[in-house]
Amino acid sequence: MGPKEEIEKRVAELLEPILEEEGLELYDVEWSPAGRYSYLRIYIDREGGVTIGDCERVSHQISDLLDVEDLINTRYFLEVSSPGLTRELKKPLHYQKSVGSMVRVVLKRVGELGRTLEGTLKEADDEGFTLLTEEGEVRIEYHEVARARLEIEGV
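Residue numbering for the sequence shown follows the numbering used here, starting at 324 and increasing by one per position.
A portion of the hints provided could be inaccurate.
Just the calculated beta-carbon pair ranges, DEER-fashion [stated by the list, open to error]:
1) Val422 - Ser361: 26 to 36 Å
2) Lys445 - Val391: 43 to 53 Å
3) Thr374 - Glu336: 23 to 33 Å
4) Glu457 - Glu392: 45 to 55 Å
5) Glu329 - Glu450: 24 to 34 Å
What the hints contain is simulated information worked out from the structure, not anything from laboratory work.
Quantities reported herein were computed from a predicted structural model and do not represent experimental measurements.
Heads up, the beta-carbon is just placed ideally off N, CA and C, and yes, glycines get one too.
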């Protein structure tokens, strides 16, 4: 595990009790080291969505905790937000919670690098998912996905 993944993992562990107390769940943590200023992005969610107040409370609590833990030894910007309506799908749980939704998938399959598929997410398990496209059902393994995100229907 590299330094980026180690920071993301440790931040997720620190967030667990904070989010549990607030009735929130962690959607994702992204550590983006970049030159003079790095970014720590924390995406939180809950059934029915999150408010700006939720984001503010979590931001203050994790900021204080990160200062005490001295986990990150460089200047960085902390961003806490909802994953948004067109959220990126990264983990099997993200796909499983999005069954029935419209999804856009960019493949990294051999011979199909960069090919984009759109369709309804029919089912998802721990290895991959089934996408219902205009051409029919397509089974895709997670390791074959370059990028996937929810789409807003009719836009």
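Now the hints, each set against the structure:
{"no.": "1", "hint": "Val422 - Ser361: 26 to 36 Å", "in the structure": "35 Å, holds"}
{"no.": "2", "hint": "Lys445 - Val391: 43 to 53 Å", "in the structure": "45 Å, holds"}
{"no.": "3", "hint": "Thr374 - Glu336: 23 to 33 Å", "in the structure": "25 Å, holds"}
{"no.": "4", "hint": "Glu457 - Glu392: 45 to 55 Å", "in the structure": "50 Å, holds"}
{"no.": "5", "hint": "Glu329 - Glu450: 24 to 34 Å", "in the structure": "26 Å, holds"}
Of the numbered hints listed earlier, not one is contradicted by the structure.
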